[in-house]
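Same order as they appear, the protein sequences are chains A and B. Under this note's numbering, the first residue of the first sequence carries the number 18, and numbering increases by one thereafter. Under this note's numbering, the first residue of the second sequence carries the number -15, and numbering increases by one thereafter.
Please note that the accuracy of each hint is not assured.
A partial selection of chain B residues facing chain A, derived with a Cβ cut-off under 7 Å [claimed, not checked]:
| id | residue |
| --- | --- |
| 1 | W14 |
| 2 | Q32 |
| 3 | L40 |
| 4 | A61 |
Simulated restraints, written as ranges between beta carbons of each label pair [to be verified]:
| id | chain 1 | residue 1 | chain 2 | residue 2 | range |
| --- | --- | --- | --- | --- | --- |
| 5 | A | R67 | B | P10 | 26 to 34 Å |
| 6 | A | E42 | B | P10 | 17 to 25 Å |
| 7 | B | R93 | A | R412 | 55 to 63 Å |
| 8 | A | R101 | B | P10 | 37 to 45 Å |
| 9 | B | P10 | A | L96 | 34 to 42 Å |
| 10 | B | P10 | A | F475 | 50 to 58 Å |
Source of the hints: derived by calculation from the structure; they are not laboratory data. We put the CB at the ideal spot given by N, CA and C, even for glycine.
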Amino acid sequence: MTGLRVLWRRLVGLLRQRHLEQDVEDELDFHLHMEIGENLRRGMSPEEARRAALRRFGGVAQVRESCREAGGLPMIETLWQDVRFGLRVLRRNPGFSALAIFCLTLGIGANASVFSWMEGILLRPFPLVEHQERMMAVAGTERGAPGHADVSWPDFQDFQKNCTLFDAFIVDRITGTTLSIGERAERAPMSVVSANYFDALGVRPILGRGFEPGEDVGRNAHPVTVISYRMWKERFRGDPQVIGKTQMLNGMPHTIVGVAPEGFYGTFVGWSIELWVPLSMQEMFDPGGYKLEDRGARWIEGFVRLKPGVTPRQAQAEISAMASRLEGAYPASNRGRGIQLYPLWKTPFNNAGTLLPTLSIALGVAVLVLLIACANVSNLVLVRAFGRRHEMTVRMAIGSGRGRLLQQLLTEGMILSSLAAAGGFLLAYWCRNLFVLLLPPRGGVAMFLPGGLDWRVFALSAGVCVVSTVLFGLVPAVETSNIDLAGALRAESGGVVGGGRHAWARSGLVLVQVALSFVLLAGAGLLFQSLRSVERTSPGFSTNVFTTYTDFAAAGYKPERIKSFEDELIDRLQAVRGVETAAFVRIVPFSYRSYSSAAIAVEGYETPADQQLTVDYDEVGPGYFAAMEIPLVSGREFTRLDNESAPPAAILNELMATEYWRGRDPVGQRFQVNGRWVQVVGVARMSKIRNLTEVPRPFFYLPMRQSSMGSGLQVRTALGADRIAGILRREVRKLDPNLALGEVITMREQVERTTAFQRVAVSMLAVFGSLALVLAAIGLYGVMSYRVSQGRREMALRMALGAKTSDLLQRVISQGLVLTAGGIALGAAAGLALTRLIVGLLYKVSAHDPLAFAVAALIMTAVSLAACLAPAWRAARTDPAEALRQ
Amino acid sequence: MGNDKPDVLHGSLALMVLRTLETLGPQHGWGIARRIEQTSGDLLELNQGTLYPALLRLEQMGWIGSKWGTSENNRRAKYYSITRAGKKQLAAEAENWEQISDIIGRFLRRTRESS
């Protein structure tokens, strides 16, 4: 209590400082007056009385000072002094201040932006959702198969029932539907969720309700939906009576029971979800039939929330134990199946996992840029410190402590970096949603990846600001505290080239800058080469084919109607002049959707006892391989005759043929797919199915008519994009005006979308690399200019002794190049170690690729040359007579 | 930054100031200084100046209050008076002090006897 009171009084004292000082003055005056009076009464002479009084009192000035100290808050006071002084100094050197703030703004802004992306995409990706720090993603595992799998609803329910360390199990399976908006069809991302979804996430609908427990149960029994705030505002114009209205979804009227709050985008990193339906509606929205009672049907992605205090390790142990119990209880469906929990930022089934490497690189690179910026500012401060030596020396001579001087310098640094931090935040604010702009829309829907600017990002950036102040203030501060008083005063105005140690410090800083920039350039080069070699990889099909889709589900088509529609549309398209081939396919290669996978058994191929042989497959229509220009190595392709009444047929890819038939020709042989015998009718050349960098795996194709129908349409044509899109729309509308047609793009574009992340990484490194290059060039320019200005006398002497202009030019430039070469050597050494960190992102490029390093060295040298040229030119034009006279 | 005199000195000076104000009532700085010197039988030669920072601290602690007034020779002077909290503090401190001096005294007597 008393502590607080004292602080309060001191604060008050600080505010009425002047008043207080006057009071003390008056009081001391009065005291001396009384004492002198007393002495006079004792018979002293006036002079004597005064002297005795003062002696008795002690040092008046000291008392005044200690009263001032006791009365106010000296630390704040001197700080305030320093701040005012610092601001004055910075205002006096606008060029220096602007340059320093600019460099730091870039450095801090880059970091704050990356922090905001990491916060918004990886760490707290779901706005409005409670306790995200206790949330983990759930995915299945399959023994002997890499990557993740989905989970079945019966398994999920068993975990929910029997695990004790979890607050909630949440199902969230992303899907989508097509909504017609006037003439236009628009894809809307939606989610099939467990009934506890909104309650467990702590998200309360602003109108109506979330889902009720019963709505998980019953096949297609609860056609209800919660709509997003955006959908409510845009599609329903914010209608307050919207609850109870119906919305057609995939051909079935759904009752709107709730409106999600503004700012809730669901729980799938990368998309903003527009509609939610309860689990019981799975069959309507998730392709592949009714799965809620099938333990073998794995389709669920989801999350858990741990109870407070439970560690991820404990949670994993419990759920793994449960999974192995299920393995024992249901060997037919669960043999080899496990569960893996992931922290949200590693979620394997949404874009968090995909973006993690890119964002990590971004963070590393931003830190490098900050270091370079700090080195630059450090250099600037050093130059200025040299110019301020006189001031510092005088201040020291009249009694400033070294600590006080350091405090002053650090305060000035803090002012610089605070201003820069403000600029950096502004930069981060502008850039927070920039990330998504680097990514193309997928499936006709723009991705949604907002950055998050919350107090954590601010705190972290403020920390960066403080650290950078210390970083760039350190060298100059040490230099300053080494001032040799007597020496400095004596040599003050001398003409001797001074600051030998300064020169070293500065050159060292430039060395570091060049080295760091080199690392960034080399990294950018490596990623660029990797991207090139990815893009040079052939997908194994023709990329000139156009692809689009029709949304049968949204129009409520039954399989029979789909079949007749597809045959009719293909016939009409084949009749159009310029169209070579058209074919339907269930899942278009390189789309986001996942392939089905089937348990297979091949005669004469032994499977290990604890494993179930599963292979992914796709369903394709007649003429698919011709349309895609995927050659068949042997056998034939599917025709319209491969229909429901014909014997089941399959086409294998080459790897599946060699892996399971080992050199025998599989054409004509039979194998089991999910227990059903099918006959191999052909073997197709290998082609990529998910992305260009995938490892080749066995894969097979079934005729659509004998499995599930699909709606991907592949068209090979010599016509241009606009022409074919127009034709497709016209033909589809003729057959059914209510059927929506998706965007029409080439397979090339489809393929390029899968390399978007690599491109993002490359562009990010390129941007940051050029930033670094500019900063390094500024640093080099500064050092060389400084050297030249300090060495004018020497230059003049050399000139007077007969050196030619070209000699001087050469001399300065070679000095600059020596620095650069040193930096490059240092950078190459660091680069060889650091590029190993991005080896996971490199495709068919060595992390030590000589070409990337050579190009980086070349660029660095060229830029250094440019940076040295102006100072060299100035040196060469030194007028010897004038320089020597100074 | 601050004055690094031992706390005992600060403490004892504070005690003397509080006691003085308790017996004399409101008093200005010079008066307090004189009184302390007189009471100590001029044994204690106070550096009078050190009194003022001490007064400031006591005031910040809330043990004394101050008011500007007019002195006996018609000058503007700052008068200090003890507050209720100050009186409580004085009582506590005085007891404390007596205890300590008693202990020290006994200690010194004992050691003198045994030597």
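Hint by hint, here is what the structure shows:
For W14 of chain B, the suggested interface contact is upheld, since its CB lies about 4 Å from the closest CB of chain A, less than 7 Å. Hint on Q32 of chain B holds. Least Cβ distance to chain A is approximately 5 Å, under the 7 Å limit. Given hint, L40 of chain B at the interface with chain A, holds; its Cβ is 5 Å from that chain's nearest Cβ, closer than 7 Å. Among the interface hints, the one on A61 of chain B holds; its C-beta lies about 5 Å from the nearest C-beta in chain A, closer than the 7 Å criterion.
Under the hint 26 to 34 Å, the C-beta atoms of R67 of chain A and P10 of chain B, about 28 Å apart, fit the expected range. Take E42 of chain A and P10 of chain B: their Cβ atoms lie about 21 Å apart, and the range 17 to 25 Å holds. One distance hint, 55 to 63 Å for the beta-carbon pair R93 of chain B and R412 of chain A, holds here, with the actual separation near 57 Å. Taken as a hint, the range 37 to 45 Å holds for the pair R101 of chain A and P10 of chain B, whose Cβ atoms sit roughly 40 Å apart.
Against the hinted window of 34 to 42 Å, the Cβ-Cβ separation of P10 of chain B and L96 of chain A comes to about 38 Å, which satisfies the hint. A beta carbon spacing of about 53 Å between P10 of chain B and F475 of chain A agrees with the range 50 to 58 Å that was offered as a hint.
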